[in-house]
Amino acid sequence: MSLDVTKIRGDFPILARTVRGGRPLVYLDSGATAQRPRQVLDAERSFLEQHNAAVHRGAHQLAEEATDAYESARARIAAFVGADPGEVVFTKNATEGINLVAYALSNASSGCNAAGFPGAERFEIAAGDEIVVTGLEHHANLVPWQELCRRTGAVLKWFEVGEDGRLDLDSDPITPRTKIVAFAHQSNVLGTVLPVEELVRRARAVGALVLLDACQSVPHMPVNLTELGVDFAVFSGHKMLGPSGVGVLYGRAELLAAMPPFLTGGSMIEMVRMEGSTYAPPPQRFEAGVPMTSQAVGLAAAVDYLGEIGMDVVHAHELELTALAIEGLSAIPGVRILGPTTTEDRGGAVAFVVDGVHAHDVGQVLDDRGVAIRVGHHCAWPLHRRFGVAATVRASFHVYNTPDEVTALVQGVQAAREFFGVS
Amino acid sequence: MSLDVTKIRGDFPILARTVRGGRPLVYLDSGATAQRPRQVLDAERSFLEQHNAAVHRGAHQLAEEATDAYESARARIAAFVGADPGEVVFTKNATEGINLVAYALSNASSGCNAAGFPGAERFEIAAGDEIVVTGLEHHANLVPWQELCRRTGAVLKWFEVGEDGRLDLDSDPITPRTKIVAFAHQSNVLGTVLPVEELVRRARAVGALVLLDACQSVPHMPVNLTELGVDFAVFSGHKMLGPSGVGVLYGRAELLAAMPPFLTGGSMIEMVRMEGSTYAPPPQRFEAGVPMTSQAVGLAAAVDYLGEIGMDVVHAHELELTALAIEGLSAIPGVRILGPTTTEDRGGAVAFVVDGVHAHDVGQVLDDRGVAIRVGHHCAWPLHRRFGVAATVRASFHVYNTPDEVTALVQGVQAAREFFGVS
Amino acid sequence: MQLEQMYQEIILDHYRTPHGAGLREPYDAESMQINPTCGDEITLRVKLDGDTVAEVSHETLGCSISQASASVLTDLVVGRSVEDSLRILGAFQEMAQGRGKVEPDEDVLGDGVAFAGVAKYPARVKCALLGWMAFKDAVIRSERSDSQEATA
Amino acid sequence: MQLEQMYQEIILDHYRTPHGAGLREPYDAESMQINPTCGDEITLRVKLDGDTVAEVSHETLGCSISQASASVLTDLVVGRSVEDSLRILGAFQEMAQGRGKVEPDEDVLGDGVAFAGVAKYPARVKCALLGWMAFKDAVIRSERSDSQEATA
Ligand SMILES: Cc1ncc(COP(=O)(O)O)c(C=O)c1O
Ligand SMILES: Cc1ncc(COP(=O)(O)O)c(C=O)c1O
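Chains as they are written, first to last, in the UniProt record's numbering: chain A, 1 to 423; chain B, 1 to 423; chain C, 1 to 152; chain D, 1 to 152.
Isolated chain A (complex conformation) (with noise of 0.2 Å):
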């Protein structure tokens, strides 16, 4: 049930190191990329000393190991969020996942390429169709939709975010003209959980697609797709222990099949001639190129060390964090915390300002201390005017951490207000 985090953070080469001086390192920034223990690298590494080949591609040994080892991580990545492995496309990162499908979405709408797709249909957009979002939305899951309107003439329509840093339900812009709704699971900044069954309803409810950004909610608690009853959903290896420049776009079996392609290229392809191509199907049709594929092993080794420990133990270890968190930020003066200050529909991700001082100068005086946070948007920036702050700092925490940890957040905060003077 509980974790042994001192026999975890011995897997974790990187935070041995000291930083300023001779500080041990205090990483409270797994929120932006977590780091990878010791099983996540010799899993990559060993595949690449072995199996390492092109897949899909290839005829000899190599190809065919180097296949499996792909299509295994496929496999178990697919089984820990509770999908099919038909339905996981490998993509670099999370924000590549939702160009993707906002691409798609133009591109079906752009007549001939849906041909060959039966439903396609269900993705064409006009001018005049709405696309809902939320005000807490990372940049990364705003900004494609808003390129998305300027392409089609569709509007962009938001959920406002209310004082408590909750979504405000009865701002709802959802009508039948909805094509989708997409929102984060979990908000980075604020560290509130969405409800997304309700979410899902309204959407449901007028025929609209749903996709969720799980950035921040499957690398942190148990999470099910298929139960959550989404069309989409998008997540990033980097935040949950495994390697940058791999991320999953997760899509209901029958969408994918009638979704258009975005990149394309070579492996995705079921027949070229130079007057035109038809597909393959999914997950290969938006898989174009050569694929990540040591990058994929090594995201694979992070599900199987999380699911491990697993994720339920995960995430109360990173809210028993976030409870002291808010208690001892909180019992400073001037400091205050955006965003639920109870850890009920919430994960570890604690954003505050202090009162007098700016965020980049709390963040020096932790920095100096070894405590590294994050200062700044945090790629939410409409959520920062929304609060009235150009910038916060935000602490956020993983598997690894330690209360000891969260001590010295707290101190350093209280130190940055002497150091300025404001105490």
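Incorrect hints may appear among the rest.
Claimed, not checked - Residues from chain A shown here face chain B by an in silico Cβ test under 7 Å; the list is partial: (1) R20; (2) G58; (3) H139; (4) G363; (5) D367.
Calculated from the structure, these hints are not laboratory results. For each residue, glycine too, the CB sits at the ideal point set by N, CA and C.
With the hints as your guide, set chains B, C and D with the ligands onto chain A.
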């Protein structure tokens, strides 16, 4: 001048393994994907064990170090191909790079997207405009243009390939309506090196853009993109002893500055509001989301490794092997080599057919002897049709291959003829 | 040598003198299948006599495995009921995709058991199945046109 | 402690009582600059008197470094010729981007030398330069509108 292959082979752990019941691995499939030296594996691992963090986002020490490593990688890779760091965009593979340019063209044409980029009209493309490729392109440099034509009503035209595997320059389809001329520097099947200078001249004469698919040249010969005078070029890390999951789009600085974005999301923005966004200057504008950080670091190590050997030495070595292969294979009755049979304007890919034995069957016999080659259309299906064959056998070389391995190839092809009773 | 495991004599025999080779008229349905990784093609025709597979003919541009497989297929299904032939197809497919771990039933598969060795080479499984996929598709098409006639 | 290297007393003083803070009228040109990584903003106005920088005023929403830098900038350029002020800007930028390896000239940079410590923190260099970029942009704008008047 000459190259110590034994020493080099010692750097590649995978070359020490055996296949198919104890046979030494003879890896002649580097045209599909190359193997990686310890130096590349170590560079990536030490980055991950010491400096891993999100780049361009954090203010803590690890984030600084990671950003430095990433940008230093960009600078070294740029220098390797005679470019400025600001002209190097990291993509997941070459395929993404070509798609990026193809989508930028249609994005520039969907009006408002170009707003704010002076000179973006350079990229606008209209129905009836023309795109020129060649008959020997890899699917990666064909299908994205077919799809661009579908989206915009532009028309695809191409240079024909002669019986000798050279471009038929008399079949020139370039007209004043040509927007872009896209072609391979070196054919991945025939080994033919295309006359870049002449093609650039013809494109310039009508004001067309030029995109060079340098996937098979940059890994194997000295290439200076600035001197070649092309507008865009792409190549992939995994074919040049570097990691999978990373590629490069080169673009002339002034063109990248004027080009609208493709993938959108975090880290490529200037300012984001719910109502709309503006974008960062290149190369950031084209690198949405958390990038392939450790992969860029690995690719820079590969470039250092190749640079230390010297690309002229690498090229000379590969041509020596190519000459041996052409000689040995030509001596076998019933073997027909597709493409140039001298080493003039040619690189180290040798494709052939064996009368009476299908390529798959030749490949199987070779595999049984530990010789890994590729069979099929090698993602150049139209080229195979042009030569009236469904599939060829392709051997391709890199710096670690030896004359003995070429002998093993030749003997294996003879064995295949014997096995199938055609000798 | 492992090669002989894949290229058993039976396979080489069928490859050298393939049964059903050459497209024939008349036929009820035709299917063209292609292997996207290597470009191999098969065109296969089926003629039914009531519920019985009366004739199979094919033109195969492909490797020894795909040609031999189409030949064995012809032997195995001609004269059988459609239902039986699809059962045989299922058994063949199970063996071919079984990675060498599925014990084939010679009573059902006849010469087809020779392809058990191919199952150990994942890249060749598609070659072995190419003709069978064409057969399945052709049967489905002929049934579809049947039912169209029935409702017409 | 390394902190004091970055946050020298001079910087903290300017931060607490910034010179030129608060936008003033009249002015010849205004520039708004933003730091895309953290969202900090500065609006800066320049009033020229012939070839001399007569007044600089600014409103800075940002960290101590960006505020102090705008304050120091005001001190350094007001009363100088445009040419001089751009030379100072060049020296400041060189120091700020010098990774702590460029020895600053106190005669040119005055209180600006205090920012030498910031140069060791690449992520903060943009903060130190934000005001200077706004100043440069404003000067360019005022010259542009000048020449428009001249040609009008
Ligand atoms: C000539 C050529 N172009 C493009 C590509 C595509 O490269 P990638 O699959 O790495 O995107 C390849 C390799 O597969 C190639 O050989
Ligand atoms: C909620 C959320 N969505 C999307 C992203 C984008 O992920 P990536 O940059 O890996 O594509 C992130 C992380 O940066 C995130 O936290």
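Checklist line | Hint validity - D367 of chain A Cβ closer than 7 Å to any chain B Cβ | finding: holds, 4 Å
Margin query: Just to be careful: measuring from the Cβ of H139 of chain A to every Cβ in chain B, is the smallest value less than 7 Å?
Written below: Status holds, d = 5 Å.
Notebook entry, point to check: Does the CB of G363 of chain A sit less than 7 Å away from some CB of chain B?
Noted result: holds, 5 Å
Check: Close enough to count: is the Cβ of G58 of chain A nearer than 7 Å to one in chain B?
Finding: Where the cut-off is 7 Å and the nearest Cβ of chain B is about 5 Å from G58 of chain A, the hint holds.
Margin query: Take the shortest C-beta to C-beta distance between R20 of chain A and chain B; is it under 7 Å?
Written below: holds, 6 Å
Checked against the numbered hints given earlier, this structure breaks none of them.
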